[in-house]
Amino acid sequence: MKVNLVDIAHARSGDKGDTANVGVIALRPEWYPFIAEQLTLDRVREHFRGVITGDVERYELPNLNALNFLLHGALDGGGTLSLKTDAQGKVFSTAMLRMVLDVPDERARALGLPMVTAA
Amino acid sequence: MSSERIVRVASGQGFWGDWLDAPRRQVEGGPVDYLMLDYLAEVTMSILQKQKERDPSMGYARDFIGAMESVLPAVTDRGVKVIANAGGVNPLSCAHAVLDVAEARRVAGNVRVGVVTGDDLLPRLDELLASGHALAHMETGEPLSTVRDRVLSANAYIGSTPIVEALARGANVVVTGRSTDTALTMAPLRYEFGWGTEDWDKLAAGIIAGHIIECGAQCSGGNCLYDWRNIPDLANIGYPIVEAKADGTFTIVKHPNTGGRINVQSVSEQCVYEMGDPHSYITPDVVADFTTIHLAADGENRVKVFGIKGRAATDKLKVSVAYRSGYKAVGTLVYAWPDALEKAQLADRVLRERLENMGLRFDSLLTEFVGVSSTHGPLTVQTGEAPEVQLRVGVRAQDRKTVERFTREIAPLVLNGPPSVTGFAGGRPKVEDIVAYWPALVDKAVVKTMVEVLS
Numbered sequence: 001m002k003v004n005l006v007d008i009a010h011a012r013s014g015d016k017g018d019t020a021n022v023g024v025i026a027l028r029p030e031w032y033p034f035i036a037e038q039l040t041l042d043r044v045r046e047h048f049r050g051v052i053t054g055d056v057e058r059y060e061l062p063n064l065n066a067l068n069f070l071l072h073g074a075l076d077g078g079g080t081l082s083l084k085t086d087a088q089g090k091v092f093s094t095a096m097l098r099m100v101l102d103v104p105d106e107r108a109r110a111l112g113l114p115m116v117t118a119a
Numbered sequence: 001m002s003s004e005r006i007v008r009v010a011s012g013q014g015f016w017g018d019w020l021d022a023p024r025r026q027v028e029g030g031p032v033d034y035l036m037l038d039y040l041a042e043v044t045m046s047i048l049q050k051q052k053e054r055d056p057s058m059g060y061a062r063d064f065i066g067a068m069e070s071v072l073p074a075v076t077d078r079g080v081k082v083i084a085n086a087g088g089v090n091p092l093s094c095a096h097a098v099l100d101v102a103e104a105r106r107v108a109g110n111v112r113v114g115v116v117t118g119d120d121l122l123p124r125l126d127e128l129l130a131s132g133h134a135l136a137h138m139e140t141g142e143p144l145s146t147v148r149d150r151v152l153s154a155n156a157y158i159g160s161t162p163i164v165e166a167l168a169r170g171a172n173v174v175v176t177g178r179s180t181d182t183a184l185t186m187a188p189l190r191y192e193f194g195w196g197t198e199d200w201d202k203l204a205a206g207i208i209a210g211h212i213i214e215c216g217a218q219c220s221g222g223n224c225l226y227d228w229r230n231i232p233d234l235a236n237i238g239y240p241i242v243e244a245k246a247d248g249t250f251t252i253v254k255h256p257n258t259g260g261r262i263n264v265q266s267v268s269e270q271c272v273y274e275m276g277d278p279h280s281y282i283t284p285d286v287v288a289d290f291t292t293i294h295l296a297a298d299g300e301n302r303v304k305v306f307g308i309k310g311r312a313a314t315d316k317l318k319v320s321v322a323y324r325s326g327y328k329a330v331g332t333l334v335y336a337w338p339d340a341l342e343k344a345q346l347a348d349r350v351l352r353e354r355l356e357n358m359g360l361r362f363d364s365l366l367t368e369f370v371g372v373s374s375t376h377g378p379l380t381v382q383t384g385e386a387p388e389v390q391l392r393v394g395v396r397a398q399d400r401k402t403v404e405r406f407t408r409e410i411a412p413l414v415l416n417g418p419p420s421v422t423g424f425a426g427g428r429p430k431v432e433d434i435v436a437y438w439p440a441l442v443d444k445a446v447v448k449t450m451v452e453v454l455s
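Read top to bottom, the protein sequences are chains P and V.
Taking my numbering, the leading residue of the first sequence gets 1, the next gets one more, and so forth.
Taking my numbering, the leading residue of the second sequence gets 1, the next gets one more, and so forth.
None of these hints come from the bench; they were simulated from the model.
Misleading hints may appear alongside valid ones.
Computed list of lysine to aspartate or glutamate pairs in EDC-like fashion (alpha-carbon distance at most 16 Å, straight line) [stated by the list, open to error]:
# : chain 1 : residue 1 : chain 2 : residue 2
1 : V       : Lys304    : V       : Glu243
2 : V       : Lys304    : V       : Glu388
3 : V       : Lys401    : V       : Glu432
4 : P       : Lys16     : V       : Glu243
5 : P       : Lys2      : P       : Asp76
6 : P       : Lys16     : V       : Glu274
7 : P       : Lys90     : V       : Glu274
8 : P       : Lys16     : V       : Glu42
9 : P       : Lys16     : V       : Glu139
Now the in silico label distances, taken between C-beta atoms and shown as ranges [what the hints assert, rightly or not]:
#  : chain 1 : residue 1 : chain 2 : residue 2 : range
10 : V       : Leu234    : P       : Pro114    : 42 to 52 Å
11 : P       : Arg43     : V       : Pro123    : 14 to 24 Å
12 : V       : Arg78     : P       : Ala110    : 51 to 61 Å
13 : P       : Val100    : V       : Asp298    : 18 to 28 Å
14 : P       : Pro33     : V       : Asp433    : 21 to 31 Å
15 : P       : Val100    : V       : Ser280    : 30 to 40 Å
16 : P       : Val91     : V       : Arg124    : 36 to 46 Å
17 : V       : Phe15     : P       : Arg43     : 32 to 42 Å
18 : P       : Gly112    : V       : Leu234    : 38 to 48 Å
19 : V       : Ala130    : P       : Arg43     : 27 to 37 Å
20 : V       : Val350    : P       : Arg49     : 27 to 37 Å
21 : V       : Asp21     : P       : Gly112    : 39 to 49 Å
Idealized CB from N, CA, C, for every residue including glycine.
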């Protein structure tokens with residue numbers, strides 16, 4: 001079945017130069033290992049393909065049930081150079097939460113993950 | 001028991017432009033020992049530098065003087081101390097402006113202003129470059145000499161030590177230039193608890209306390225995604241306060257009868273804000289490890305923070321250089337139903353063809369469709385027809401004339417482009433000077449901070 005990341009995590013993003021950072025935090029501590037396993041470097045690179053021009057870095061913060069991603073080349077030069085509405089990367093947080101995850105039904109039930117409801 | 005002594009540091013300003021009423025609310029809403037006000041963002045210094053060039057008595061955050069007026073009774077009658085990096089590129093003038101306010105209120109005898117200087121490297125820039133400090137760009141590696149003739153300001157991010165010295169010399173208001181945001185919170189804790197310069201874990205705890213409250217209400221329910229609908233009374237939001245103990249543990253709280261919400265989720269969101277490598281949050285005083293932060297609910301609107309580890313600081317300081325880097329302008333038009341997006345897309349194609357025909361060349365030309373995809377770009381999932389769309393086109397170029405010519409091409413589209421267009425009341429887009437940011441490192445040994453206490 002499919003699970004919306006937005007239903008199992010919250011997030012905040014900010015900027016450092018032309019890099020946006022996105023911190024993704026599990027809504028329940030028991031969901032953190034699942035999120036950490038799903039949000040691999042490759043998965044996040046793929047998600048932001050065509051959105052950012054640089055590479056992605058990934059860090060784990062199990063103490064906060066959180067992951068931190070650095071998205072390089074995300075802000076059209078960043079700061080005052082940027083022409084983007086979101087020049088400071090404030091809403092890359094919810095762009096990350098658009099991710100939809102595939103999970104075997106049994107696992108989803110065991111973790112109590114909320115299923116995708118039809119739009 | 002001295003270990004149970006609590007020192008309260010309240011955050012009253014998260015950036016220059018934050019809520020004017022917050023500083024007063026913080027000193028009047030309940031007990032606090034220190035009021036911490038953060039005014040400086042990356043480009044603020046260059047704005048202040050321009051102001052100082054026009055008027056040598058300016059160059060600091062004027063909002064701070066209004067804030068001081070509103071909290072002066074708390075400072076003089078109840079012993080609340082104020083620490084602010086409002087000094088910008090002119091901390092001394094800022095300090096005198098504070099004393100003038102105290103004088104006008106006839107309480108100047110009770111105000112001692114500590115002034116921290118030495119972060120401003122602009123007067124020493126050529127000397128530093130000549131003696132082998134390349135001040136290379138931290139991301140690109142380019143030496144600063146490539147933009148030297150366009151530099152507007154250059155400031156080293158300085159740490160807690162000069163603030164601690166000012167407090168030790170009896171200052172009850174401390175004004176700095178480019179102190180790190182986090183030092184403004186850590187310094188009073190270090191001073192009050194007598195933490196040593198190598199008490200890495202405690203210093204790191206003070207820095208993380210600073211990180212959590214440096215953006216004001218962003219840790220107490222503001223800009224909080226978690227359960228945002230149910231966060232109470234944002235109109236009356238309480239700014240955060242650190243209740244710290246000598247052992248380096250602390251609790252994030254807010255005054256009673258205020259809005260917003262402090263919980264593990266709201267504090268977690270702020271912990272990850274603007275984070276780089278969480279293992280190494282590098283400051284002038286200590287390298288803090290964000291993977292050691294532990295949060296626990298401690299009653300309503302209280303979050304306890306503990307377990308923090310730090311390690312020795314590096315021998316470098318970060319330098320923030322601002323330099324002129326060309327011009328930009330952004331033009332917008334609004335297209336209405338039906339087929340709003342299609343109309344906006346056609347207008348964009350027409351505009352681009354005209355710019356192309358004129359032979360205008362831009363370093364960057366960016367089109368966004370606000371209401372459709374300006375925030376999430378290609379990740380956007382289109383559901384149904386957009387009832388209206390704002391076409392937003394931005395350009396950037398080194399040459400001012402090129403950008404100016406672009407600004408003349410927006411209005412004509414109202415009459416000679418696609419239909420159902422409006423929203424041009426603001427007139428021609430404004431050409432803006434771009435002041436860009438150049439982060440660099442410099443050897444700590446070359447930056448000498450100084451402290452003066454005025455009364």
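Here's how the hints hold up against the structure:
no.	hint	in the structure
1	V:Lys304 - V:Glu243	holds (9 Å)
2	V:Lys304 - V:Glu388	violated (47 Å)
3	V:Lys401 - V:Glu432	holds (12 Å)
4	P:Lys16 - V:Glu243	violated (29 Å)
5	P:Lys2 - P:Asp76	violated (33 Å)
6	P:Lys16 - V:Glu274	holds (7 Å)
7	P:Lys90 - V:Glu274	holds (10 Å)
8	P:Lys16 - V:Glu42	holds (10 Å)
9	P:Lys16 - V:Glu139	holds (11 Å)
10	V:Leu234 - P:Pro114: 42 to 52 Å	violated (26 Å)
11	P:Arg43 - V:Pro123: 14 to 24 Å	violated (50 Å)
12	V:Arg78 - P:Ala110: 51 to 61 Å	holds (56 Å)
13	P:Val100 - V:Asp298: 18 to 28 Å	violated (36 Å)
14	P:Pro33 - V:Asp433: 21 to 31 Å	violated (49 Å)
15	P:Val100 - V:Ser280: 30 to 40 Å	holds (33 Å)
16	P:Val91 - V:Arg124: 36 to 46 Å	holds (40 Å)
17	V:Phe15 - P:Arg43: 32 to 42 Å	holds (34 Å)
18	P:Gly112 - V:Leu234: 38 to 48 Å	violated (31 Å)
19	V:Ala130 - P:Arg43: 27 to 37 Å	violated (49 Å)
20	V:Val350 - P:Arg49: 27 to 37 Å	holds (30 Å)
21	V:Asp21 - P:Gly112: 39 to 49 Å	holds (43 Å)
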